[in-house]
Amino acid sequence: MSDALFQPYARSPLDPLDLAGQAVRPSPENGAWANEVRLLAYLTLRGDSADPAYARAVRTVCGLSLPDAGRYVSGVAGVLLWRSPNECLLLTSRRQAASLRVALVEAFAGLLAEVVDQSGGLTTVYLAGAEQVTVLRHMGGYDFGSLEPGQAIATVFGKTAAVVMRADAHGVHLIVRRSFAAYLWALLARSARPYAFTVGRLPAAGTDPVLCLQEGATVLDRQDRVAV
Amino acid sequence: MFLIYCPYCKATREEEEFHNAGEAFIARPADPEAASDEEWGDYLFMRKNPKGWHWEQWQHAAGCGRVFAVKRHTLSYRIAGSWTLAAGKALFLQEGGV
Amino acid sequence: MSGYRVSRPSQRIDRDQTVRFRFNGRDYSGFAGDTLASALIANGVTLLGRSFKYGRPRGIVGAGPEEPNALVQLEDGARTVPDVKATQIELYPGLSARSCSGWPSLALDLKSLLGRCGRFMPPGFYYKTFMAPVRAWPVYEKIIRKAAGFGTAPTANDPDFYDHLHHHVDVLVVGGGACGLWAALLAGRAGLKTLLVDDQNEAGGWLLSEASARIDGLAAIDWVASRRAELDALPNVAVLTRTTAFAHHDLNLVQAVERLQDHLPAEARRADQPRERLHRIRAGHVILAAGAIERPLVFGNNDLPGVLTAAAAQTYLNRYGVVVGRTILLLTHNDAAYDTARDLALAGSRVTVIDVRQRGAAPARHAAVIAAGATVLTGFGIAEVRGGNRVRAARLVRLDPLSLKATGKGPVLNADCVLSSGGLTATVHLYCHNGGRPLWDEERLSFVAPAGGRDDMCCVGAVAGYWGLGEALRQTHETLGAWLAARGLGAAGQAPQADDIPAAPTRRVFRIPDGRRPGAGAKAFVDFQNDVTAADIHIAVLENYRSVEHVKRYTALGFGTDQGKLSNINGFAIAAEALGKPIASVGTTTYRPAYTPVSFGALAGPHARETFDPERHTAMHARHVAAGAAFERVGQWMRPHYFPRPGEDLHAAVARECLAARQGVAVMDATTLGKIDVKGPDAREFLNRVYSNAWSKLEPGKCRYGLMLDENGMVMDDGVTACLADDHFHMTTTTGGAARVLSWLERWHQTEWPDLKVFFTSTTDHWCTTAVVGPKSRDVLMRLCSDIDFAMDAFKFMDWRDGTVAGLPARVFRISFSGEVAYEINVEASYGDYVWQSVLAAGKDFGITPYGTESMHVLRAEKGFIIVGQDSDGSMTPFDLGMAWAVGMKKPFSFLGRRSLTRSDTVRDDRKQLVGLLTDDPAAVLTEGAQLLSSPQVTIPADMRGHVTSSYFSAYLGRSIALAVVKGGAASGGETVYAWSGGQVTAARIVSSVFVDPQGERQHV
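Residue numbers (numbering that gives the first Met the number 0), protein chains in the order written: chain F, 0 to 227; chain B, 0 to 97; chain X, 0 to 1004.
Keep in mind that the hints are not guaranteed to be accurate.
[To be verified] Below, a list of computed lysine-lysine pairs in the DSSO-like style, where the Cα atoms sit at most 30 Å apart:
(1) Lys70/B - Lys756/X
(2) Lys192/X - Lys9/B
(3) Lys756/X - Lys88/B
(4) Lys158/F - Lys192/X
(5) Lys141/X - Lys9/B
(6) Lys404/X - Lys522/X
(7) Lys795/X - Lys889/X
(8) Lys795/X - Lys701/X
(9) Lys522/X - Lys141/X
(10) Lys9/B - Lys158/F
(11) Lys70/B - Lys158/F
(12) Lys88/B - Lys9/B
(13) Lys890/X - Lys701/X
(14) Lys696/X - Lys756/X
(15) Lys50/B - Lys70/B
(16) Lys47/B - Lys9/B
Calculated from the structure, these hints are not laboratory results.
Full structure from sequences and hints, please.
If you want it as structure tokens, here you go:
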């Protein structure tokens, strides 16, 4: 290896915005605040949800039953979101992702099923604050007020699509493609402007099944990427 | 702006989540090479364009990505319902559709 | 008109808060709660504008959205708004406005001279007069537009922002008058999620103007306050004021615009709040309580400043404490206007009611008016108003008691103000936007919304023709009660009680006869904003326009910013009379959104500036920016176009980049290509069906270029697909085609071949692709990668390998879009930035050169590689493109598009076919899109052989090259064609489309 090379580092899609550098502890005056849940791992699971063998394989590996339409389930392995009758998305930690993937590939052997790594292609934005639903209503036409914990749906936000899942009463997660993340963020920040929007420091995970995936998951952190 | 029911998401959503995918139940000739130019041209280009009920395909582009059948009135814009392609086709045939 | 201020118990202004403002360069003052219109009238300002066609002096006519004349330019600079109705501007300290029309000045208007010749300006005047010469029309148009007046659009960027807000409610109530408030209350009490919108600054509707009404024993305004308080206390009800519902669409989608800050002085407006908010409301049920607007009567010179509707005068008096004149003539055909006369007389004006009816009003109203000190003349009309720039007098005319004609002269009465009441016009717009047709009510002389409403919509109160407060509230209560009961939402309880005074019948008059034939007397205006007179409508009908839609377009009746709110019914009635048909069968013109003008800012909302359209960035984007790249948009992606060094222009940079790729090593960000993971036992069969070439024998570890056709046999996309395993492929698509191709695959799979076992998963964003190109590319890769054998025979052209690059898992494809040895490194996008940096570092010793899309285009054109969508346009078959080698006509399944390739039209010899072009002058670079002619002489029509699709200067070849499509081009090698562009003709020879390395040896080295 050439001496020109250095340690690999990973960058999350919103890293160029330096959200971490702007983040503050949100106060009650901040009607809405958000931040990126950086560098989670994402695995797309393909398989017919009506196929019991496939469902069994997912349950064996992830400890999760397949979610119903428009919903998600969560556990130690992460959050499993329904995307279509033959597609689910597993949000998990980078720590667990490789072994989960290998185990799923093994469990899917002989089945009409597949696991596709999307870890580079997706990211998650966490939105919280008293006006979080209002902010979503500025961004899209879905009836966000009706979205309850346990639900995760894909819909249109401005000129892109994203998945929105309600974790608990505190906040929602928006799962978006890497190349649209900056746009979605800009749309969110603009929509939240009347509500004293701020970039907030992500809370300790608590009951939120996505935030708890993040802890310790960013093996390669900010210090590494400034090495260039 | 319509509201369209997606039989896979089991939810009614705004039209902007969907793409219209044209007339439903156009059968591709089983053996295209055996089709005459005229038959093949009919398959390619001739569409019903009725004033009244029309079976259409819609794809839930921003949602589950599935294509399904919608029966829509082209004058009143009423939507009679949404079905999976298989269920829709059965109903379509039952109505005497060709 | 000489308006002045009085104190009224009912007034909604605050006399303790003086508000200073500026109009047409002069300082005035009004009070908090005023509109610009009410403040101007109170200050005695009468002349506000000049009319559109004749330049006639105009003043305020109405008091709300119906106002046709008083259009002003509000504020200056970036925040200026043209053509705002003075009647809709809430006064704020420091407001500045000026008239929109009047050129060169309001007092001296050039058109008014023209207007004196008005006899000679029939409808269609401009079309008829400025017919010839055709060439001169742009000159005419410029002058006509300037003379027409109206405001000027701001030229600076809008400093404010606007947003959209989506609602999902059970019930939307449009209109906050008595009926709207009551309907919202009933819905709210029943627990329904209810939203009420009203366009005024406070709820109350007509009750704000009607000082004497009482409901349930309370003064109406107190009833409004307590209903409003009750609504505010309900958690399931929201009320939006200053919010105009302007459009109704399918399935009860209503759009409304809320003006959040326009009523505030500049210093109180908040930068963190939008100026306007567009509400998009999905309502389970809409309750339309939009009310009605009084229309004027049509009589001679009824457009002079100082002629208003009676209802407007009543509003100015009772709501704003402004009397519109000292000596007032009030022309009416109905009883309701007597209330206006009474209130004005009690306020001190000398009022003469001129009632076109022989017997006048019902006794109670008649007595009230007399008691208030007014005079009543029955059986008269107004023939014409007299005055220069303002009302001075009016000449009356005696009307026949039975038939509608003038039977004799009447007196000339002095006055400074003339009011007229032609009855109410129901505001049916939202009922009609989405296909609803209003009904003509001959008794009430208005088109009204049917009381039964329509699916998912109730129409209550005046919009359904219930003019009286008591009957309107009863109808609202009954309608809502029945609607709630049908949904099991309980009984509505008691209806609010209000008394309706018995009224004498209305006389059916629209145009007051003046004893002259149409067009001979004083101009009697129907549409003030468009200067349409009653005579114009007669002429239109005489000229054989039979449909009211055509009459509208010929005369301009009902166009403009007021959309005919005052004029439509009068116009329809006059047209009906001229046509000899009943109004009901003439019908109305089509009501279309928007009800009132909506700003572009509100419509655009968040879709502006940085969020106008998504800008997609690759993982290395920040590096490209730092490197000083010039960017171009490809689809929504921002791609480096070229990487200029200091002092370089596009051409210099591209020449350098291309030479590096041909002679050394260059690197490009190819991340934007679409990528689709295709997996399943039938994956290979599926590829066979959707690509024109064969996939049966592609082994794992190998790649193949694929051509995708639509069912018409035309090329729709292309890209390289790698075989990962027997049942697993990594497909790539064009940058712009990624979403379309995925959708295409899904549709065929789901609709036609659901039995094929295969999954398609987009991985475009997951992979980041770095293309390393050039004779030294292998050396660079070998520095980065220790577990892949790069030996020529071990890793051949069109192979791919799994391995690690810079320590990261990667898929390396040996494919080439330049004809050189080249590798595409695919890694997880999170590491894209790192890998890009690693490649640059590893290639430093070899002079690695980043390049952009322009050089990519040159390199591929030198090789004759097409870009789908540039060299093809949806009408090119693979044969047209000289790509028969990519068509497996022997494949067993008739792949998509195959059958079309043998249609009579697709086998013609003279189709446009792809060729190369070399200009005679090697320095001449053809214009892309230039038409190709057979001879240098341009004939008409031109003999168009084809056109240039791609054209560049090739630094490597030291000359220009071009690709083109030419009719019968495949058989025309050696022929000279002539490219026409901007008057220049350039000769070029038809050659092979491969300019560099025709044997394709370089990429195999």
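Checked hints:
no. : hint                : verdict
1   : Lys70/B - Lys756/X  : holds (28 Å)
2   : Lys192/X - Lys9/B   : holds (23 Å)
3   : Lys756/X - Lys88/B  : holds (21 Å)
4   : Lys158/F - Lys192/X : holds (29 Å)
5   : Lys141/X - Lys9/B   : violated (57 Å)
6   : Lys404/X - Lys522/X : holds (17 Å)
7   : Lys795/X - Lys889/X : holds (27 Å)
8   : Lys795/X - Lys701/X : holds (9 Å)
9   : Lys522/X - Lys141/X : holds (27 Å)
10  : Lys9/B - Lys158/F   : holds (24 Å)
11  : Lys70/B - Lys158/F  : holds (27 Å)
12  : Lys88/B - Lys9/B    : holds (19 Å)
13  : Lys890/X - Lys701/X : holds (20 Å)
14  : Lys696/X - Lys756/X : holds (19 Å)
15  : Lys50/B - Lys70/B   : holds (13 Å)
16  : Lys47/B - Lys9/B    : holds (29 Å)
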